[in-house]
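Visitor: Single-letter residue listing:
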Amino acid sequence: MKGRLFYKILATYLILVILVIAVMEFFLTPRVRDTITRGVMDRMTGHARIMALMSMDELLAKVGELAAGAGARITLINPAGKVLADSSEHDQKMDNHLNRSEVQEARIKGLGTAIRYSRTLQQNMFYVAVAVREKDRLQGYVRLARSLAEVSLSIEYLYRAIYLTLFIIAIPSLLLAFVFSRNIVSPIRRLTELTQRIRAGETPPPMLADSDDEIGRLIQDVNFLLEQQQEKIRYATAEKSKLEAAFDGMVEGVLTLDGDNRIDQFNRGLRKMIGKKRAEILGKTPLEVFRSADLQAALIRFRETGETIQQEITLGADRPLILNANISAIKGYPGNEGKIMMVFHDVTRLKQLERMRMDFIANVTHEIRTPLTAIIGYIETLQQGTVHDREQTDRFLRTAYDNARRLNRLVDDLLTLSNIETGEAKMQFREVNMAEVIGEVGKTMASQAAARQIALEEDIPTPLPPFYADRDRVFQILLNILDNAIKFTPPGGTVRINATGDDGGFLVVRISDTGIGIPKQDLPRLGERFYRVEKNRSRESGGTGLGLSIVKHLMAAHGGRLEIASTPGEGTTVSLYFPAAGPPGANTRP
Amino acid sequence: METRRHTSKQYETDLQEVKENLLYLSALTQKAIEDSIQALLDRDSDLARKVIASDALIDKLDDEVEEKCIRLLALRQPAARDLRFITTAIKINGHLERIGDMAVKICEKVVLLNEEPQLKPYIDLPRMAEIARSMIRASLDALVNEDVELANRVRREDETVDSLNEQIFRELLTFMMEDPRTIHRALLIMQISKTVERISDHAKGIADMVVFMITGENVRHQWPHDEEAAPGQKET
Numbered sequence: 001m002k003g004r005l006f007y008k009i010l011a012t013y014l015i016l017v018i019l020v021i022a023v024m025e026f027f028l029t030p031r032v033r034d035t036i037t038r039g040v041m042d043r044m045t046g047h048a049r050i051m052a053l054m055s056m057d058e059l060l061a062k063v064g065e066l067a068a069g070a071g072a073r074i075t076l077i078n079p080a081g082k083v084l085a086d087s088s089e090h091d092q093k094m095d096n097h098l099n100r101s102e103v104q105e106a107r108i109k110g111l112g113t114a115i116r117y118s119r120t121l122q123q124n125m126f127y128v129a130v131a132v133r134e135k136d137r138l139q140g141y142v143r144l145a146r147s148l149a150e151v152s153l154s155i156e157y158l159y160r161a162i163y164l165t166l167f168i169i170a171i172p173s174l175l176l177a178f179v180f181s182r183n184i185v186s187p188i189r190r191l192t193e194l195t196q197r198i199r200a201g202e203t204p205p206p207m208l209a210d211s212d213d214e215i216g217r218l219i220q221d222v223n224f225l226l227e228q229q230q231e232k233i234r235y236a237t238a239e240k241s242k243l244e245a246a247f248d249g250m251v252e253g254v255l256t257l258d259g260d261n262r263i264d265q266f267n268r269g270l271r272k273m274i275g276k277k278r279a280e281i282l283g284k285t286p287l288e289v290f291r292s293a294d295l296q297a298a299l300i301r302f303r304e305t306g307e308t309i310q311q312e313i314t315l316g317a318d319r320p321l322i323l324n325a326n327i328s329a330i331k332g333y334p335g336n337e338g339k340i341m342m343v344f345h346d347v348t349r350l351k352q353l354e355r356m357r358m359d360f361i362a363n364v365t366h367e368i369r370t371p372l373t374a375i376i377g378y379i380e381t382l383q384q385g386t387v388h389d390r391e392q393t394d395r396f397l398r399t400a401y402d403n404a405r406r407l408n409r410l411v412d413d414l415l416t417l418s419n420i421e422t423g424e425a426k427m428q429f430r431e432v433n434m435a436e437v438i439g440e441v442g443k444t445m446a447s448q449a450a451a452r453q454i455a456l457e458e459d460i461p462t463p464l465p466p467f468y469a470d471r472d473r474v475f476q477i478l479l480n481i482l483d484n485a486i487k488f489t490p491p492g493g494t495v496r497i498n499a500t501g502d503d504g505g506f507l508v509v510r511i512s513d514t515g516i517g518i519p520k521q522d523l524p525r526l527g528e529r530f531y532r533v534e535k536n537r538s539r540e541s542g543g544t545g546l547g548l549s550i551v552k553h554l555m556a557a558h559g560g561r562l563e564i565a566s567t568p569g570e571g572t573t574v575s576l577y578f579p580a581a582g583p584p585g586a587n588t589r590p
Numbered sequence: 591m592e593t594r595r596h597t598s599k600q601y602e603t604d605l606q607e608v609k610e611n612l613l614y615l616s617a618l619t620q621k622a623i624e625d626s627i628q629a630l631l632d633r634d635s636d637l638a639r640k641v642i643a644s645d646a647l648i649d650k651l652d653d654e655v656e657e658k659c660i661r662l663l664a665l666r667q668p669a670a671r672d673l674r675f676i677t678t679a680i681k682i683n684g685h686l687e688r689i690g691d692m693a694v695k696i697c698e699k700v701v702l703l704n705e706e707p708q709l710k711p712y713i714d715l716p717r718m719a720e721i722a723r724s725m726i727r728a729s730l731d732a733l734v735n736e737d738v739e740l741a742n743r744v745r746r747e748d749e750t751v752d753s754l755n756e757q758i759f760r761e762l763l764t765f766m767m768e769d770p771r772t773i774h775r776a777l778l779i780m781q782i783s784k785t786v787e788r789i790s791d792h793a794k795g796i797a798d799m800v801v802f803m804i805t806g807e808n809v810r811h812q813w814p815h816d817e818e819a820a821p822g823q824k825e826t
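Chains as they are written, first to last, in my numbering: chain A, 1 to 590; chain B, 591 to 826.
Read the hints as simulated data drawn from the structure, not as lab findings. The C-beta atom is built at its ideal place from N, Cα and C for all residues, glycine as well.
Here are some chain A residues the structure puts well away from chain B; computed CB gaps all over 12 angstroms:
1. V17
2. V32
3. T35
4. F180
5. Q265
Derived pair list, reagent style DSS-like, types lysine-lysine, alpha-carbon separation capped at 27 angstroms:
6. B:K609 <-> B:K681
7. B:K609 <-> A:K284
8. A:K443 <-> A:K552
9. A:K277 <-> A:K240
10. B:K609 <-> B:K658
11. A:K284 <-> A:K339
12. B:K658 <-> A:K339
13. A:K284 <-> B:K650
14. A:K339 <-> A:K272
15. B:K658 <-> B:K599
16. B:K640 <-> B:K710
17. A:K520 <-> A:K552
18. B:K710 <-> A:K520
19. B:K609 <-> A:K339
20. A:K277 <-> A:K339
21. A:K82 <-> A:K109
22. B:K640 <-> A:K351
23. A:K272 <-> A:K351
24. A:K242 <-> A:K232
25. A:K277 <-> B:K609
26. A:K487 <-> B:K710
27. B:K695 <-> B:K650
28. A:K351 <-> A:K520
29. A:K135 <-> A:K109
30. A:K339 <-> B:K599
31. A:K331 <-> A:K284
32. A:K284 <-> B:K681
33. A:K276 <-> B:K609
34. B:K658 <-> A:K284
35. B:K681 <-> B:K599
36. B:K599 <-> A:K284
Throw the hints in and build the complete structure from the sequences for me.
Guide: Below, the structure is given as structure tokens:
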């Protein structure tokens with residue numbers, strides 16, 4: 001099926017041809033008819049005038065020849081109106097012609113014309129009558145008559161020729177129109193198909209421009225636009241993916257709110273931060289996602305003031321997540337009216353460190369102040385000189401001394417810890433026989449265990465693989481752990497030391513007790529300095545609160561690690577993982 | 591609630607607003623509970639006083655939600671689900687407001703307790719408060735997600751809190767028997783414990799309403815553990 005344009009062009013041609021014919025019919029035909037009629041009349045008049053120069057007798061004699069020569073019927077009428085002769089009729093049959101209008105006109109003016117119906121011939125006729133005079137005396141009238149049909153016929157001939165010509169012209173011109181419109185339409189149609197495919201989202205190959213005319217240029221332009229559009233899409237896609245990568249790659253969580261307070265965009269950082277699925281975030285309100293009263297209050301405040309707001313929010317109860325939320329308006333881009341952007345920084349670790357530091361300072365001051373208060377108190381009492389009892393004085397002095405030593409131990413421990421942490425402590429890596437060290441530690445602690453009626457059991461398979469470590473430090477580690485185990489095991493309990501060689505590349509020493517155990521929530525914080533499960537229990541038993549912290553750091557310095565498992569009321573197992581491999585290079589730093 | 595569409599955009603917005611306000615209210619009450627227990631643990635009277643002051647916002651929001659719900663009932667004449675949602679919202683709103691008041695009550699006791707030395711380390715009380723708090727959150731989650739299973743879980747959780755309360759009661763009793771000087775403090779702690787227990791009752795009340803809203807079944811006077819038992823039988 002051809003397009004509508006094709007029919008439009010064809011119809012235009014058709015209408016043009018019909019219009020030409022109609023114009024001819026309405027304007028030309030009357031004129032042509034007029035001209036031809038006048039021409040016939042003029043000729044007849046001329047003939048009649050010439051004939052009138054002849055005498056009546058001559059005319060009468062040659063009426064037949066004259067009629068043939070003029071191509072008309074000739075009637076000779078005498079002045080009284082009687083028909084003397086007629087080239088086509090018998091004169092006797094004809095009635096008086098004096099009352100005929102052309103004859104009457106000729107009688108007066110010498111020449112008369114008329115177009116009327118001839119009763120004789122029963123058709124429309126032209127009549128021309130001329131008076132024949134001889135020396136100013138009227139001899140009669142010569143009248144020429146010619147059928148109007150004759151004229152019409154010649155007009156018809158003429159028209160037939162014209163129509164034929166028009167027809168001959170019309171066919172090739174329509175043919176031409178057909179070809180021409182098809183030539184115009186077909187590239188336009190191809191262009192339309194191309195643009196339709198572009199609209200449908202395809203990327204069609206460019207079209208071939210096969211001419212230099214307007215259409216050809218149009219095709220070239222469309223091709224250019226197509227190419228440019230694809231280039232722009234490529235550019236935009238590349239930019240978008242770059243932005244998205246940056247957006248998603250951010251550690252910070254970012255989300256935007258639409259005008260209805262719903263989350264319409266967010267990045268992977270946010271999803272990871274709050275640990276929710278995409279569907280649990282997209283299209284929800286911040287309250288639905290975060291359930292944070294603080295965040296909601298900040299959002300309400302932001303909507304009231306329009307000023308950028310910073311708010312710290314805490315999410316999650318079992319695993320606290322502290323976020324620093326920054327709420328601001330998205331400005332300067334069209335289509336972003338009423339949109340809000342929230343950026344979240346995870347400050348959990350920071351806050352933890354801050355708390356640890358604050359705890360540490362509070363703890364150190366507390367730890368130092370307690371023995372100092374005791375020392376000052378006892379010395380003050382002695383200074384006042386009110387105590388004279390030798391025994392009491394001794395007891396006071398001993399308490400002051402004990403506290404001073406405790407202070408000293410605390411400072412020593414702090415120094416040790418600081419040295420390990422900064423790498424100042426020199427580690428002497430040598431081959432160490434673990435069984436030997438355990439034996440020594442056991443011997444050292446034997447009396448203490450016995451005093452608390454605690455059975456000390458050793459289960460050391462021989463031979464244990466040798467490993468490289470700083471022997472004194474390993475001793476210190478084991479002593480610390482064993483000391484704790486004995487301290488927190490009620491009398492009658494058991495402390496067991498067990499060693500395993502080569503457990504996945506580690507030499508493992510396990511020290512288990514049947515003590516009071518450690519609540520689960522305290523386990524992760526055990527290595528922190530001064531962290532105590534119960535604020536008072538280890539201080540009462542004489543610890544500085546730094547033992548496990550030192551062990552943890554020493555283990556790290558050996559490239560090993562510390563694991564503590566515990567059930568409250570049943571006991572605790574401390575596992576020490578020493579790397580069984582050779583010396584960890586010259587690496588003495590943790 | 592998620593995908594329901596109403597012919598009136600305004601109606602939709604109003605319902606959503608009620609839901610948002612309930613969530614905000616629940617977040618505020620949860621924070622109030624957390625803070626009141628934190629004030630107890632840290633012996634922080636300033637924090638306790640802050641919680642008491644912040645109850646004004648909870649009360650204001652409570653009024654707003656109630657007014658909004660009543661206006662919706664009057665103007666829109668909701669039917670079926672919407673009607674159940676709005677009546678449920680009114681009930682939940684009341685529960686949340688009461689919970690806010692209870693956090694205030696706890697804080698008042700905390701201020702009094704802080705005037706005396708600490709009686710004992712708190713172990714069960716924070717656990718209990720955390721369960722009660724998570725019950726509020728879960729019941730609102732059940733409301734938002736129309737999760738009957740979750741609502742029923744919340745209803746069962748109430749018993750854990752009850753038994754913890756009894757445990758604390760027994761423990762404090764021994765303190766009081768040993769040393770009469772501890773009676774004042776022990777009674778205060780007991781009142782706190784009882785208040786937390788009542789908070790969990792309110793959370794269960796919210797969960798009951800959520801079950802009603804979703805299923806249309808009134809479970810308020812049934813107890814989750816004897817649902818198989820004879821009807822009408824109540825916990826003693």
